[in-house]
Amino acid sequence: MLTVKLTKRRGDFTLDMEFEAPTPGVTALFGRSGCGKSTAISLIAGLLSPDAGHVQVDEDVLLDTQRGIDVDARHRRIGVVFQEARLFPHLDARGNLEYGLKRLPRGAAQPIRFDDVVQLLGLDVLLSRRPHELSGGEKQRVALGRALLRQPRLLLLDEPLASLDAARREEVLPWLERLRDSLAIPVIYVSHQFDEVLRLATRVVLLDDGKAVAQGDIATVSRHPALRAIVGPDAVGAVVSGVVERVDGTGLAQLRIGDALLHVEHDAAAAGQRIQIQVLARDVILATESPHALSVRNVVPARVVSITPDVGRAVLVELDIGRTSTLLARITAGAAQELSLTEGMQVWALIKAVSLRGHVFSVPAR
Amino acid sequence: MLSPAEADALFLSLSVAARSVAFNLPFAVLVAWLLTRTRFTGRTLFDAFVHLPLVLPPVVVGYLLLVLFGIRGPLGGWLHENFGIQLAFTTTGAALATAVMSFPLVVRSIRISLETVDRGLEDAARTLGAGPVDRFFSITLPLIAPGILAGAVTAFAAGLGEFGAVITFASNIPGETRTLPLALYTALQTPDGDSLAARLALISFTLGLTGLLASEFLARHLRRRLGRA
Numbered sequence: 016m017l018t019v020k021l022t023k024r025r026g027d028f029t030l031d032m033e034f035e036a037p038t039p040g041v042t043a044l045f046g047r048s049g050c051g052k053s054t055a056i057s058l059i060a061g062l063l064s065p066d067a068g069h070v071q072v073d074e075d076v077l078l079d080t081q082r083g084i085d086v087d088a089r090h091r092r093i094g095v096v097f098q099e100a101r102l103f104p105h106l107d108a109r110g111n112l113e114y115g116l117k118r119l120p121r122g123a124a125q126p127i128r129f130d131d132v133v134q135l136l137g138l139d140v141l142l143s144r145r146p147h148e149l150s151g152g153e154k155q156r157v158a159l160g161r162a163l164l165r166q167p168r169l170l171l172l173d174e175p176l177a178s179l180d181a182a183r184r185e186e187v188l189p190w191l192e193r194l195r196d197s198l199a200i201p202v203i204y205v206s207h208q209f210d211e212v213l214r215l216a217t218r219v220v221l222l223d224d225g226k227a228v229a230q231g232d233i234a235t236v237s238r239h240p241a242l243r244a245i246v247g248p249d250a251v252g253a254v255v256s257g258v259v260e261r262v263d264g265t266g267l268a269q270l271r272i273g274d275a276l277l278h279v280e281h282d283a284a285a286a287g288q289r290i291q292i293q294v295l296a297r298d299v300i301l302a303t304e305s306p307h308a309l310s311v312r313n314v315v316p317a318r319v320v321s322i323t324p325d326v327g328r329a330v331l332v333e334l335d336i337g338r339t340s341t342l343l344a345r346i347t348a349g350a351a352q353e354l355s356l357t358e359g360m361q362v363w364a365l366i367k368a369v370s371l372r373g374h375v376f377s378v379p380a381r
Numbered sequence: 002m003l004s005p006a007e008a009d010a011l012f013l014s015l016s017v018a019a020r021s022v023a024f025n026l027p028f029a030v031l032v033a034w035l036l037t038r039t040r041f042t043g044r045t046l047f048d049a050f051v052h053l054p055l056v057l058p059p060v061v062v063g064y065l066l067l068v069l070f071g072i073r074g075p076l077g078g079w080l081h082e083n084f085g086i087q088l089a090f091t092t093t094g095a096a097l098a099t100a101v102m103s104f105p106l107v108v109r110s111i112r113i114s115l116e117t118v119d120r121g122l123e124d125a126a127r128t129l130g131a132g133p134v135d136r137f138f139s140i141t142l143p144l145i146a147p148g149i150l151a152g153a154v155t156a157f158a159a160g161l162g163e164f165g166a167v168i169t170f171a172s173n174i175p176g177e178t179r180t181l182p183l184a185l186y187t188a189l190q191t192p193d194g195d196s197l198a199a200r201l202a203l204i205s206f207t208l209g210l211t212g213l214l215a216s217e218f219l220a221r222h223l224r225r226r227l228g229r230a
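For the protein sequence lines, the chains are P and C, in the order given. Positions in the first sequence are counted from 1; adding 15 to them yields the working numbering. Positions in the second sequence are counted from 1; adding 1 to them yields the working numbering.
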C-alpha cells in the first residue's frame with residue numbers, strides 16, 4: 016500500500032491531500048489542470064519539499080516531517096516519467112536508458128533487466144538514436160524504459176501522453192498497458208483525460224483545488240458528483256464491468272452486466288474476458304413500460320435509486336441494474352415529471368449498442 | 002618565413018593566450034554557476050566586481066595586479082616565499098594579466114548557456130540517482146559545453162591581443178613577455194621598424210580570423226550534436 020499525506024502552500028494555492036493506492040496496481044490521479052497533480056508528483060518524488068507530510072510505500076517511509084525523515088529524491092527509488100520526456104539531449108537512447116541503471120548502489124538487486132525493458136517497450140531500433148531523432152511517442156517510451164531501469168519501487172507517470180497528438184497517444188497507450196500487465200510495479204498515473212484513466216487504472220483519486228475529493232475503484236468514482244464537475248456534463252457516465260458471454264460474427268459482443276445482457280460493439284473481445292464499459296448518461300433513454308419494436312439493441316430492466324438535479328433543465332437518474340451495478344441517465348426534468356419517475360420505481364433503460372463504441376475497455380489483470 | 006623575433010612573439014602570444022584560458026575556465030564556470038544558481042547577499046556587488054575589467058583601463062588592472070602580486074605585494078610575497086613563484090615580469094604573469102582581462106567575457110558566455118539549461122533535466126537525473134556533483138558533470142556541463150567553448154575561443158582570441166595589462170604587470174621582455182602586440186608596439190618605436198610592424202599586424206589579423214572561423218565551426222558541430230541545429 017502506498018499512503019500519501021501532503022500539505023504544501025505555494026502562493027495562494029494550497030495543496031492538502033491524502034490518499035492511498037494499492038501496491039501493485041495502477042492508481043490514477045485525475046483532475047483539471049492546475050488542481051495540484053504535478054505538484055503532488057514532485058512532492059512524492061522528493062523534488063519538492065512539503066510543509067508537512069508522510070509518504071510511505073509498503074514498509075518504507077520516504078517522508079515523515081513529524082519524525083524528521085525526508086529521503087532525498089535520488090535515494091527514493093521512485094521512477095518518474097514527465098510530461099515532456101526530459102531525455103538528456105547529449106546522450107543517445109541507450110545512454111539515457113542506462114543513466115539510472117549505472118547509478119544503482121553496488122550489489123543492488125536488478126530484477127528489471129536492460130534487455131527485457133528494450134523488448135517490452137520495443138526500443139531496440141531506437142537505441143543508437145539521439146533524442147532529437149525520436150518522435151514524441153518514441154521519446155516517452157525511452158523515458159519509460161529509463162525510469163523502469165532505475166528498478167523503482169513506485170512509478171510516477173505525470174501526464175506522459177499530454178504533449179502528444181491523438182495518433183501518438185494511441186501509439187504509446189498499448190505499451191503502457193503492456194507494462195501494467197507484465198510488471199508488478201505500483202503506478203501512479205496522472206491524467207486529465209478520463210478515457211486514459213479508464214484504459215489503464217483500477218483505482219482513481221479525484222483531485223480538485225489541491226484536495227483529494229474522492230477516491231475508490233473506477234465504477235464508484237465514475238458516479239461521484241465531483242467527477243461530473245470535472246469532466247463536464249457530456250462526459251458523465253457510469254462505468255460498469257462484466258464478462259463477455261458470446262461474440263457473434265458481426266463484431267457485437269454480449270456482455271453480462273448486472274442482471275442484464277448488453278450488446279456492445281467490440282471486435283477484440285473474446286468469450287470469458289472481463290471488460291468494462293462507460294455508458295454515457297446522455298446516451299441512456301428511460302421507459303416506464305417494457306418497450307418493443309425498437310431498433311435499440313439494449314433494453315435493461317432497472318430500478319430508480321435517486322433523481323438529482325443536473326445541469327440546465329436536466330436531471331440525473333441513478334439506476335440499479337442488479338448485482339451492485341449502477342447506470343446513470345440524464346433526461347430532462349420535464350420528461351421525469353411526465354413519466355412520474357420516483358425512487359424505487361421499475362423502469363427500462365435503453366442503450367444503443369453503437370453509442371458504446373469507443374467506450375469499451377479491457378479490465379486490468381490486477 | 003618568420004624571423005626568430007617574429008616566431009618568438011607569435012609563439013609567446015599563443016602560449017600566453019592558451020594559459021590565460023586554462024586559468025580562466027574553472028573559475029569562470031564556478032562564478033557563472035554562483036551567479037545563475039545561487040542567491041546570496043552581496044551578489045550584485047560580486048557581479049559588478051567580476052565585470053570590472055571590462056570597464057577599467059587595462060593599465061589600472063595591470064597596476065592592481067602589481068600591487069597584489071608584485072614581489073612585495075601581499076599575495077606575490079606569499080607565493081614567492083612559500084613556493085618560489087614569481088608572477089610579475091614573467092610569462093606566467095602575462096598569462097595571469099590576460100586571464101583577468103578576459104574573465105568577464107568567459108563568465109558571460111557560460112552564464113548565458115547556463116540560463117538556457119532546462120532544470121527539469123537535472124530533476125530527472127536526480128530521480129535517477131545522481132547527486133549534485135554527479136548531476137553537474139554528467140548533465141549540466143555537457144549541456145553548457147557550447148557556451149564554455151565559445152567563451153574559451155573568445156578569451157583566447159582576445160588574449161592574443163592583450164596589451165595594457167600585460168605591459169604594466171609583466172613588462173616588455175623579449176622571449177619572456179613580448180607578445181605580438183608588444184612586439185608590434187616595440188617595432189613602431191624603432192627606426193626602420195615599419196615593415197616588421199606590418200608583418201606582425203598581418204600575423205595578428207590571420208590569427209584572429211582563423212580563431213573566429215574555428216569557433217563558429219566548433220559551435221555549429223556541438224549544437225548539431227545536441228540536436229539544436
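Mixed in with the good hints, there may be bad ones.
Claimed, not checked - Ranges of calculated distance between the beta carbons of each label pair, as one might list FRET restraints:
1. Val-134/C x Asp-73/P: 41 to 49 Å
2. Phe-41/C x Arg-82/P: 27 to 35 Å
3. Asp-119/C x Gln-352/P: 26 to 34 Å
4. Val-134/C x Glu-148/P: 44 to 52 Å
5. Arg-82/P x Arg-38/C: 25 to 33 Å
6. Gly-43/C x Pro-37/P: 50 to 58 Å
7. Asn-83/C x Gly-151/P: 39 to 47 Å
8. Leu-213/C x Gly-137/P: 27 to 35 Å
9. Ile-86/C x Glu-74/P: 28 to 36 Å
10. Asp-119/C x Glu-148/P: 47 to 55 Å
11. Gly-151/P x Val-68/C: 56 to 64 Å
12. Arg-38/C x Gly-151/P: 26 to 34 Å
13. Asp-274/P x Asp-119/C: 52 to 60 Å
14. Gly-151/P x Leu-55/C: 26 to 34 Å
Stated by the list, open to error - Covered, in the sense of this in silico footprint (three residues per stretch, anywhere, with C-beta under 8 Å from a C-beta of chain P), are these stretches of chain C:
15. 112–122
16. 131–140
Since the hints were made in silico from the structure, they are not lab data. Predicted, not measured: the structure shown is a model, and the values here were computed from it. C-beta: ideal position from N, C-alpha, C; glycine also.
For each hint, the structure was consulted:
1. Val-134/C x Asp-73/P: 41 to 49 Å: violated (31 Å)
2. Phe-41/C x Arg-82/P: 27 to 35 Å: holds (32 Å)
3. Asp-119/C x Gln-352/P: 26 to 34 Å: violated (59 Å)
4. Val-134/C x Glu-148/P: 44 to 52 Å: For Val-134/C and Glu-148/P the Cβ distance comes to about 30 Å; the hint is violated.
5. Arg-82/P x Arg-38/C: 25 to 33 Å: Since the Cβ atoms of Arg-82/P and Arg-38/C sit about 31 Å apart, the hinted range of 25 to 33 Å holds.
6. Gly-43/C x Pro-37/P: 50 to 58 Å: Given range 50 to 58 Å: holds, Cβ gap about 52 Å.
7. Asn-83/C x Gly-151/P: 39 to 47 Å: 60 Å Cβ-Cβ, so the 39 to 47 Å window is violated.
8. Leu-213/C x Gly-137/P: 27 to 35 Å: Given range 27 to 35 Å: violated, Cβ gap about 46 Å.
9. Ile-86/C x Glu-74/P: 28 to 36 Å: Violated: the Cβ-Cβ distance is about 59 Å, outside 28 to 36 Å.
10. Asp-119/C x Glu-148/P: 47 to 55 Å: violated (18 Å)
11. Gly-151/P x Val-68/C: 56 to 64 Å: Roughly 59 Å apart at Cβ, these two residues keep to the hinted range, so it holds.
12. Arg-38/C x Gly-151/P: 26 to 34 Å: Since Arg-38/C and Gly-151/P have Cβ atoms about 30 Å apart, the given range 26 to 34 Å holds.
13. Asp-274/P x Asp-119/C: 52 to 60 Å: This hint holds: roughly 56 Å between Cβ atoms.
14. Gly-151/P x Leu-55/C: 26 to 34 Å: violated (43 Å)
15. 112–122: holds (count 3)
16. 131–140: holds (count 5)
The structure shown violates the earlier hints numbered 1, 3, 4, 7, 8, 9, 10 and 14.
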